[in-house]
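Chemist: Listed here are the chains, written in short residue letters.
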Amino acid sequence: MRTLVVLVPLFPVAAGVIVGAAGWRALTAWVGPLAAAIVTGAGVVLAVGVLDDGPVTALDRLLRADALSAYMIIVIGSVALVATSYGVGYVRAELEHGHTTARRARIYGVLVQGFIAAMLTAVLADNLGVLWVAVEATTIATAFLVGHRRTRASLEASWKYVVIGSVGVALAFLGTVLVYFASRHAGGDAEASLNWSTLVTLAPSLDPGVVRLALGLLVVGYGTKIGLAPMHTWLPDAHSQAPAPVSALMSGVLLSVAFYALLRYKVIADAALGTGYVRGLLVAGALLSLAVAASLLLAQRDYKRMLAYSSIEHMGLVALGVAIGTPLAVGAALLHILGHGIGKAVLFCSSGEILHVTGTTEIAGVRGLLVRQPFLGGIFGLGVLALLGLPPFSLFASELAIARAGVADGMGWAVGVAFVLVFVIFAAMVGHAQRMLLGEPDVADVDGPSRRMSTTSAVPLVVGMAALALLGVSIWPIERLLEAAARVVTG
Amino acid sequence: MSETLFVQLLDLAVGLVLVCAFVVLWRRGLGAIVHALTVQGVALAAVAFLLGVHEEHAELIGAAALVLVLKGVVLPRVLLRIIRDSDETREVEPFVNVTASLLAAAGLTLLAYATSRDVVALDPGPETSAIPIGIAVALIGFFVLATRRKAVTQIVGFLLLDNGIALVAFLATAGVPLIVELGVALDVLLAVFILQVLTTRMRAKFGVTDLNQLRELRD
Amino acid sequence: MSVAGLAAAVCQTALVVVVAPFVVGLMRWVRARLEGRAGPPLTQPWRDIRKQMAKERIVPATASWVFTLAPLVLVATAVVATGIVPFLTTRSGLDEIGDLFALVYMLLLGTVFLALAGLDPGTAFGGMGSSREMTIAAVAEPTILVAIFALSVTAGSSNLSAIVTSTLDHPSTVASPETMLAFAALAVVTLAETGRLPVDNPSTHLELTMIHEAMILEYSGPDLALVELAAHMRLVVFLGLLSNLFVPWGIATTTHPLELLAAAGAVCAKIAVLGIVIATFEVFVAKVRLFRVPELLAASFVLAFLAVTASFYLA
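Residue numbers (this note's numbering), protein chains in the order written: chain A, 1 to 491; chain B, 1001 to 1219; chain C, 2001 to 2315.
Bound-form chain A, shown alone:
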């Protein structure tokens, strides 16, 4: 078990090394998806292990896996599986059309694996400093991926992404330092004071003033990476400019990994300050994010940006769930993370495919997709429905559970405001999707059979949607894990 904890981040590293050494070829392209599959499997094994025997630590307590970590590994692994398998076909198409070169494809392969490894390290770190380093490493790994296209717009997006992301995370580091300071004064020794497991036991004796300041900085800092308003400004740019599989990973899991960091701190802060402080910050962030997403989705003209704003919306919903803070709400928020991850990955991947077909990211440039590309249009349409929280997909279940938990816990007003905004978003997205999917395509635009989606690209998307639907029908495979993970957060 202990070795497995160390090995998990090493699988993508190994995949990255192979791609780096051998280049992006027909065979090595599949190393990434293979690593993602192994990681998912390892996540399941870890989950079973920690559910039966409790948390495991490794590497002199730098790493630690409990139910929450195992759950996040499964989320990262499964979203990475969808995104990287789609990526195989995506990069092949890019190479064929001359949009990228073999050298850039190789760099792409290495960076994507490095990115996944950094996220896995983040969710496995017990030392909160290591967690911080891993989160900042995700920014570094993805910076060039955002700028992959090397156009003016992608350059702008990557500059904003690196600067805003790094600055935000720097604030989180200041918060981390202050937590360490408080922990040293509460009697922690130098080595273990920054370990989450130690901090949880020390939490009641931490100085409230310092923890309050630290948590403020941490919420702003990691909130920047999560994309909570008003720190969200980089997000639509970066997610719309990155190549589709990278957008899928960034939107699907990177945001959630940053949220995971906040979950860890919430446990400490709730014990040191009571639940009110973090709840207030999160509710404010959640409602503001929903409001920003709603207002900017209404008149959105770019479908990749539309998906990015939808990510802000869903992070807002997760924040609302975590703010409510009952086991039901936190479990629902965690389920929402998984559902949103897979759904958004499928949608971003199909948006990449739409871009290949139409050559534009303008909503107005896409007409009659269901006639031109029935399969692609169908997947995209279903994905949008899933993200809007319609049954049978799992986001329906999680949104409903968050609402119920909120009303039960006396946060009905926040839930009410949130769901009014969700309804506005619903209307806006349905309108945009309908314009893209329905209607008569221009005759000149009708594509030949050569533009059909390849099977390698199609399979991951279908599998992803199927998994999402299955989870919506029943969560029994992960029910115990979800409960245990929620207990880690609620204490």
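Quick caveat, the hints were computed from the structure, so don't treat them as lab data. Positions of the beta carbon are idealized from the N, C-alpha and C atoms, including for glycine. Hints should not be assumed to be uniformly reliable.
Examples of chain B residues toward chain C, derived with CB under 10 Å [said to hold, decoys possible]:
no., residue
1, Q1008
2, A1100
3, L1103
4, A1106
5, Y1113
6, S1129
7, I1133
Computed far set for chain B versus chain A, every beta-carbon distance over 12 Å [to be verified]:
no., residue
8, S1002
9, L1068
10, E1088
11, V1096
12, N1097
13, V1098
Chains B and C: place on chain A using the hints.
Modeler: Chains B and C only, in chain A's frame:
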């Protein structure tokens, strides 16, 4: 080293860190700004070294050496190379003029003192009472990021922010554990390298490194 | 207030009056040598003053009593200022009024009168000089206040002699950040207030760039001599303040004549060194554009401000 001498040298080094932040705000020449940042890096290393000697903490002296190499040598070189490649040597009119920025920075210093009262109160002493200065430097870095529009000055703002936080870390807890310190140093280094590459690409695309050019993506 | 103390105060005022033109002469000479010129003798400023004194007094037809009064006020405030700054001894008879605020307002009074006198005849250059001078004074005077205030926080008193005594008692405070910041701030303000480079060029003949010279363009004869003497004295007041606040060693702590004599030697040496440093500095810098002067002064204000915060929080 006697206690008073230690306190005095420490205060001196910490004061120098803050003054360098103000010099960055004050000067327009990009070269001068980078030099101020270099001096600040050296002063930061001196703080770590003094604390390490005072508390007889070998790890901290190692951290001081790391800071000296990274912030006193490597990062300034990267920045100077960006400036040399771009033949733009001055910060053109910032969004907030220099006089106003200086006065705003004075206000930020007060804000730093106000916000860090709880931190100082937890463990009063010569080290902790200087923590507000670290926070002030971080705030000034933030201010530089928000109001300057050259690529280089934005990187400088980011590094000021980072130096301020590092100062807080040294003063508050005698530095974070070494493994974290190494990770942080690596992250900062890579981030600056990335920004350097992006600046080069920006110059190739736009001809200048004025961030006002970045206004294509908006809703 | 003892008789000896009063005598000491008179001695130090007399000393400053006599020495001030020589300091200016020294600075001009050093600058000339460094620029490769032979340079005027050290006595040149005194000779100028004597010559001006003997000349006829001409008052512009449009000028009012302010114009006539200004040189007298300027000299009077300079004399009082030299009396209250601890040049020779910390036990001067004027010690009780030797307060930080008194000093700053005394200097400001002179500045204001000179600026009024520049405006009074209604000439273009005079008004321009006055407006520039007031722009500078508006930032420079608060900076002096705040900088010395930082020192007085450490000393626990705003009395200048008390500050000097406290520095003598605790020599280590000189190396503390607040003292250094205050010194830097005061040094910049000294350059601005005494019309030196890089703020104002004392040897300029170009009316457009003048500040101090522009205000006194209309003066001639004995009036000009008084204005010049007062300007020299103000320079020495600032140099003396800088040297004795930050390097007080050599100052007498009694009013014994021998000690006073030694202190006179010490303070003259310190002022001469400072003067040479400034003159050397002036050779290497160019005048900054007028629009950048507020930036320079704002920077020095911020330094002084930081000195105060540091003296409150780091102590």
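Chemist: If a hint holds in the structure, say so; if it doesn't, say that too.
Modeler: Tested hints:
no. : hint  : result
1   : Q1008 : holds (6 Å)
2   : A1100 : holds (8 Å)
3   : L1103 : holds (6 Å)
4   : A1106 : holds (5 Å)
5   : Y1113 : holds (6 Å)
6   : S1129 : holds (6 Å)
7   : I1133 : holds (8 Å)
8   : S1002 : holds (25 Å)
9   : L1068 : holds (20 Å)
10  : E1088 : holds (16 Å)
11  : V1096 : holds (18 Å)
12  : N1097 : holds (23 Å)
13  : V1098 : holds (22 Å)
In the structure shown, no violation is registered for any of the earlier numbered hints.
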